[in-house]
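A.B. asks: So the protein sequences, as listed, match chains A and B. Start counting the first sequence at 1; every next residue gets the next number (UniProt numbering). Start counting the second sequence at 1; every next residue gets the next number (UniProt numbering).
Note that these hints are calculated values from the structure, not bench results. Where hints are given, some of them may not hold.
The list treats identical chains as interchangeable, and a pair is accepted whether it falls inside one copy or across any two copies.
Unchecked claim - Lysine-lysine pairs mimicking DSBU-like chemistry, simulated, CA-CA at most 30 Å apart:
(1) 175 x 322
(2) 326 x 148
(3) 70 x 253
(4) 720 x 148
(5) 235 x 470
All of these numbers come straight from a predicted model, not from anything done at the bench.
Number of protein chains: 2
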Amino acid sequence: MRKQLFTILLIAQAAAYPALAQTGEKLVSYVNPIIGTQKMGHVYPGATVPFGAVQLSPDTDTIPYEMNGKYNPDVYRYCAGYQYDDKTITGFSHTHFSGTGHSDLGDFLIMPTTGALQLNPGTANDPKSGYRSAFSHANEVAEPGYYKVKLDDHDITAELTASNRVGFHQYTFHKTQNAHIILDLMSGIYNYDNKNVWTFVRVVNDTLITGYRQTNGWARTRTVYFAMTFSKPIKQYGHRSYTSDVYRGFWRKFDVTQNFPEMAGRQLRAWFDFDTEEGEQIKIKFAISPVSQEGALANMRAEIPHWNFNQAKADAQSLWEKELNKIAIKTNSKEEKQNFYTAVYHTFLGPTTYMDTDGSYRGLDMNVHKANGFTNYTTFSLWDTYRALHPFFNVVQPKRNADMVQSMMAHYDQSVQKMLPVWSHYANENWCMIGYHSVSVIADAVVKGNAPFDANKALDACVATARYKKYDGLEYYMAMGYVPEDKNSSSVSKTLEYAYDDWAIAQMAQKLGRKDIYDEFIKRSAYWRNVYDASTGFMRPRMSDGSFRKEFDALKTHGQGFIEGNAWNYSLYVPQYPAEMIALMGGKKQFATHLDSLFTMHLPDEFFAETEDITRDGIIGNYVHGNEPSHHTAYLYNWTDQPWKTQERVRMILKKMYRPTPDGLGGNDDCGQMSAWYIFTTMGFYPVAPGSVEYSLGSPAVDAATIQLENGKTFAMEAKNQSDKNVYVQKVELNGKPLTKSVITHTDIMNGGKLTFYMGAKPNKKLYL
Amino acid sequence: MRKQLFTILLIAQAAAYPALAQTGEKLVSYVNPIIGTQKMGHVYPGATVPFGAVQLSPDTDTIPYEMNGKYNPDVYRYCAGYQYDDKTITGFSHTHFSGTGHSDLGDFLIMPTTGALQLNPGTANDPKSGYRSAFSHANEVAEPGYYKVKLDDHDITAELTASNRVGFHQYTFHKTQNAHIILDLMSGIYNYDNKNVWTFVRVVNDTLITGYRQTNGWARTRTVYFAMTFSKPIKQYGHRSYTSDVYRGFWRKFDVTQNFPEMAGRQLRAWFDFDTEEGEQIKIKFAISPVSQEGALANMRAEIPHWNFNQAKADAQSLWEKELNKIAIKTNSKEEKQNFYTAVYHTFLGPTTYMDTDGSYRGLDMNVHKANGFTNYTTFSLWDTYRALHPFFNVVQPKRNADMVQSMMAHYDQSVQKMLPVWSHYANENWCMIGYHSVSVIADAVVKGNAPFDANKALDACVATARYKKYDGLEYYMAMGYVPEDKNSSSVSKTLEYAYDDWAIAQMAQKLGRKDIYDEFIKRSAYWRNVYDASTGFMRPRMSDGSFRKEFDALKTHGQGFIEGNAWNYSLYVPQYPAEMIALMGGKKQFATHLDSLFTMHLPDEFFAETEDITRDGIIGNYVHGNEPSHHTAYLYNWTDQPWKTQERVRMILKKMYRPTPDGLGGNDDCGQMSAWYIFTTMGFYPVAPGSVEYSLGSPAVDAATIQLENGKTFAMEAKNQSDKNVYVQKVELNGKPLTKSVITHTDIMNGGKLTFYMGAKPNKKLYL
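Sequences are here, hints too, so could you generate the full structure?
C.D. replies: Written out as structure tokens, the structure reads:
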């Protein structure tokens with residue numbers, strides 16, 4: 001009965017909102033993982049599954065971080081291991097961040113080679129000097145869950161796919177008695193001399209190798225365990241150690257370098273040799289675990305118990321197809337579809353699964369924990385992702401987003417500081433960037449009713465986090481109402497973000513009826529006012545004596561009291577109180593003019609050089625889209641008398657910042673935040689202040705979009721008469737009723753329904769007023 | 001009913017073998033842990049319980065091993081952390097080996113101080129230059145499970161006790177606002193610059209600290225976790241890091257050095273400050289775990305849930321009293337009692353417990369395992385302990401010995417080489433010394449019927465171990481019948497020991513009816529003949545071309561094809577076939593003369609300098625008792641026509657090598673082997689060839705001894721008319737029946753009964769012939 005009813009409902013919905021995807025159309029075919037791999041996108045092109053623990057992807061260079069000497073700025077280009085302009089591949093490693101502006105990982109680099117055994121990677125200029133290989137984009141295929149490339153120097157076709165915790169390699173060789181698989185345990189991303197803490201490898205039998213590598217980097221104390229199995233027996237093997245600071249003791253009894261089944265040290269590279277026939281494929285399954293070698297082996301056996309590479313690839317792509325199908329769009333532009341589904345793909349790359357198939361994971365306290373009743377995730381780039389990615393998940397991935405909150409709560413439980421995550425990966429708090437935006441993610445989930453967890457305990461965690469005095473000027477902020485620049489740098493950014501976070505806590509407290517908490521934090525949420533300097537019209541660093549700092553340049557970024565944004569951009573960061581901010585800044589008219597200036601002025605090169613993480617394409621005037629603090633900015637016109645300018649600006653940003661080309665991303669994708677902005681904005685609405693149930697309306701860039709909600713309902717958007725020229729909203733209806741404000745709510749979406757925009761080439765300047 | 005019967009039996013036995021201990025006599029009072037702490041004994045004086053995981057003991061210096069520069073020979077003196085001649089104590093660390101000649105451990109050194117905070121240990125010459133303190137033996141008390149000392153420089157009385165996995169410190173301070181507890185995570189035994197791999201510490205709250213330290217040393221990959229709790233809240237705390245090679249990243253946000261609850265790096269020292277009143281005691285419970293911090297905390301809560309130091313001390317001493325009571329002796333000599341019970345104490349120090357209270361432990365494969373149905377032990381100094389310690393355990397600790405075999409089998413299961421342990425500690429094979437004497441321990445247990453484990457699987461493990469070609473010349477040994485010196489050094493020692501071990505495997509195979517294995521290994525057991533050089537009358541290194549090596553000096557030790565013994569001593573190492581060896585060496589008469597020479601010749605200083613691990617007192621003539629290969633030698637007279645010389649020699653060795661003084665041990669106690677020799681010999685019998693059920697009779701040195709067997713029976717020895725002069729056996733009876741051979745069997749012991757020696761001042765030269 002039940003099933004029948006469901007079918008009827010689906011038919012009914014199908015009638016109201018016809019499926020937009022064409023019959024047999026594969027959405028994965030629109031995803032191009034190469035988009036953003038050039039310049040500043042910092043995404044990787046390799047194989048992974050949605051929210052997968054393994055990101056098996058080519059690394060095109062091994063750039064030393066040079067910890068003890070000088071910082072090597074080139075390292076930044078390799079945050080994801082791959083740069084499109086490079087001509088060589090050093091190998092395929094199993095863990096990568098997507099779109100970050102600082103990095104780590106690149107664990108367990110595997111490289112198949114032929115000819116004389118070479119254990120050093122060699123140089124990009126002379127790839128034959130090492131194990132690396134020249135390659136050509138002409139021989140490269142990148143799809144969701146699949147990557148293929150010809151390794152020219154070795155005449156090997158490399159193919160990669162993955163399950164959640166297992167990387168599956170398939171290497172096609174020519175006939176040779178010199179086929180090698182290199183396992184480089186020294187290679188890594190953001191690699192400095194002493195990053196490797198310890199390495200341990202066991203050749204269990206002639207097809208199975210297990211071990212682990214422990215590193216000290218962005219994650220201070222990180223160990224990744226592995227189990228690696230070959231499709232055919234190893235002919236011979238060995239390893240070389242590259243440091244002399246390991247105590248050898250009585251291991252000197254053995255020649256441990258050749259065919260000896262146990263390897264340990266700080267800097268190791270291992271090789272495994274094979275004979276191959278013409279066209280013979282050597283396959284490798286490589287599983288990882290945050291807990292143990294046996295955990296990795298169990299993951300492998302659970303996830304890919306066979307040797308059928310094509311089956312594994314089909315399974316991976318089927319997972320992607322299922323996730324991509326959560327949103328169907330209608331557009332005549334193939335490029336728009338590529339942009340859109342690549343953006344959806346990017347948003348579903350993380351946070352990443354961080355537990356074994358049995359739910360075990362190593363926690364922040366370095367104890368092993370079990371995730372009971374939820375999937376434990378890691379890689380929380382929260383300063384970025386609280387803005388649009390987690391709100392996006394509350395729409396299309398509510399179950400996963402709730403699990404992410406539970407993962408953050410587990411982090412809190414394990415934190416000796418009793419703080420929620422700031423920027424955490426692999427059970428390590430790396431403390432990158434500012435604010436305590438976990439509270440925004442949690443508040444957004446609670447306020448939007450997506451809280452199948454102990455919300456009161458979560459609120460307690462938010463409060464404890466927001467009261468941790470030792471954190472980044474918080475002691476001063478709490479005592480004085482702002483962070484004084486002479487006590488703690490980037491003080492304005494911190495003050496503004498703390499105030500927003502505090503507002504989010506207050507919203508959550510209100511929803512939970514916790515009046516004392518609400519009172520405390522609603523008061524703190526107004527502290528943004530304390531750094532507003534009416535004399536300049538900008539937020540401005542204040543000193544502990546109460547005065548504003550004398551030196552001040554609203555165009556400069558460095559050392560001005562801000563981080564990743566100058567005063568022009570950052571001063572607008574009061575998403576919780578746009579109307580109050582606008583009033584303080586001179587009222588709606590003056591503020592609109594101010595915004596116009598932001599988008600139209602010229603940012604001289606000397607100041608551009610100070611913006612981080614973005615290409616010159618990543619700015620419009622002085623508006624910096626490539627950095628997150630401005631992501632809500634274009635929507636602020638909705639709070640002035642000129643909301644049509646939001647419509648104009650967001651379309652301009654979409655066009656300029658998102659293109660289906662290798663250099664198509666104007667800045668770091670930042671774990672999907674840039675892509676989430678794109679998706680919301682393309683569908684015509686955006687969550688300006690997560691923690692509020694409201695979305696601000698913009699200008700949809702596709703003709704229609706249908707979201708399949710997890711509750712079984714469907715929310716549809718239609719943009720009648722939409723085109724590149726018709727960017728202005730003439731009127732808008734929700735379920736057939738005209739909207740008089742530029743707002744829809746989360747309930748409007750989750751109840752299912754239809755949002756209809758009527759578009760035109762000229763602004764309807766009276767709309768929403 | 002059952003219980004009543006048992007009581008009756010006990011009474012019956014008590015009547016036959018009256019309890020030798022006086023009423024109210026505490027055997028712990030005869031144990032002096034200071035014995036052997038001077039010179040070469042290498043035992044530690046601190047607090048531990050029988051087979052305990054924690055050995056909480058003072059370290060008197062911190063000697064660098066100087067890995068990268070030159071080896072510092074002084075490090076050897078500090079194998080147990082303590083040297084009696086030293087005038088200062090650097091602190092109290094939680095793990096120590098007993099009597100080894102190479103070392104590791106010394107984990108988690110704690111030092112209480114007063115006055116200005118000093119984080120460096122300072123020098124022995126100027127203890128005030130650091131945290132260390134002068135002390136005096138006059139203010140020192142060492143008992144089983146208890147250690148006390150006055151720290152003169154800080155006016156602190158330090159007291160230590162322990163449970164299995166918890167060290168309990170009690171420090172009595174004067175009134176001060178400058179009381180410090182230093183936790184030095186850099187300090188260690190056999191410490192070289194890069195020994196510390198990683199350290200992680202969390203100040204969970206104001207009384208609880210957890211963490212771990214990972215080292216690379218004799219154990220290549222070792223992590224010990226801890227949980228430490230104070231009896232009163234910390235006033236303030238902090239740490240200092242002593243290396244610059246740790247990536248600090250965004251941790252720079254914090255002043256992590258002061259009152260910050262998370263510490264990590266390679267080289268750390270932490271401090272915890274308190275105010276104290278006059279006479280106030282600060283107590284510390286410090287638990288360790290091989291698995292995790294939470295494992296350590298659970299161990300602490302399970303073992304010492306209270307703060308009553310005296311109770312913990314009483315519990316520890318009661319455990320010792322129970323174990324010591326397994327053997328009661330009768331002697332008028334208090335010194336003999338001190339020697340005897342200190343020897344028993346030393347034999348029960350290890351192997352040490354290596355698992356949490358829930359049975360979890362980290363295995364050789366670095367996975368976490370659970371010991372199901374047995375206690376998992378570590379610290380297997382097998383080249384030493386297979387000789388007498390494990391045979392001793394088969395008499396007085398059969399349950400524990402069987403568990404030790406199970407622990408060795410777990411090691412084998414986890415070994416990627418598929419070998420039983422050689423010298424293993426903390427789930428690491430350190431490969432120290434030679435042979436594969438696990439097989440002797442297992443065979444001895446099986447042959448003696450103490451095998452509540454899968455004996456056939458154990459035999460398979462022995463066989464796999466004995467066939468592992470990569471190990472120490474085994475490939476040549478198997479192919480050629482001996483280890484050629486030009487292929488592998490110490491070749492004679494290896495050949496002789498392999499042949500003995502192979503014989504042990506054959507005995508076990510015979511008992512289990514595995515004829516093919518018996519045939520293979522009984523053949524190998526004769527390979528000792530292949531290194532006998534009739535032209536010199538010594539075992540002598542042979543080359544791969546079959547010739548004996550030309551250069552040969554039977555007095556030299558180094559580079560002569562032997563290890564820890566010259567040809568004079570080592571040539572006698574054929575314990576499995578004494579009669580055959582004697583025949584080959586010229587027959588009984590010539591052999592007895594040869595033995596006489598060994599004991600009476602003078603070993604010139606130039607050759608003595610080459611013997612290792614022993615003092616000049618540790619030799620008699622050229623007989624080196626301080627090194628194990630000679631431990632059966634004095635008993636070899638029993639296979640000649642002059643068994644009375646065995647009686648004479650063993651009494652001479654007992655007198656000379658074992659004295660109840662700080663320098664009372666003539667060589668390294670070697671994890672109890674030296675002490676086990678003492679105990680057997682003092683009771684009048686010795687297991688010349690473990691794997692045989694026979695014990696060879698000597699000359700008992702106490703008037704009587706009664707062993708309480710685990711099977712409820714009692715085996716008693718009485719030595720009528722025994723004295724320092726009456727060292728010769730006139731006759732001997734087993735259960736009243738005269739013995740005609742110098743042999744009793746394990747069954748004779750385990751069935752219970754009485755062995756009566758009749759002693760006299762002159763040899764009965766006809767006895768046993």
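A.B. asks: Each of the hints needs a verdict: does it hold here or not?
C.D. replies: Cross-check of the supplied hints:
1. In this assembly of identical chains, the alpha carbons of residue 175 and residue 322 never lie at most 30 Å apart, being 40 Å within a copy and 71 Å across copies at closest.
2. When the C-alpha separation of residue 326 and residue 148 is checked against a cutoff of 30 Å, the pair qualifies only within one copy, where the shortest distance is 27 Å, while the shortest distance between copies is 71 Å.
3. Only between protomers do residue 70 and residue 253 lie at most 30 Å apart by alpha-carbon distance; the minimum there is 20 Å, versus 40 Å within a single protomer.
4. Taking the closest pair of Cα atoms, residue 720 and residue 148 never come within 30 Å of each other, the shortest separation being 40 Å inside a single copy and 88 Å across copies.
5. When the C-alpha separation of residue 235 and residue 470 is checked against a cutoff of 30 Å, the pair qualifies only between copies, where the shortest distance is 17 Å, while the shortest distance within a copy is 56 Å.
In summary, the numbered hints that this structure violates are 1 and 4.
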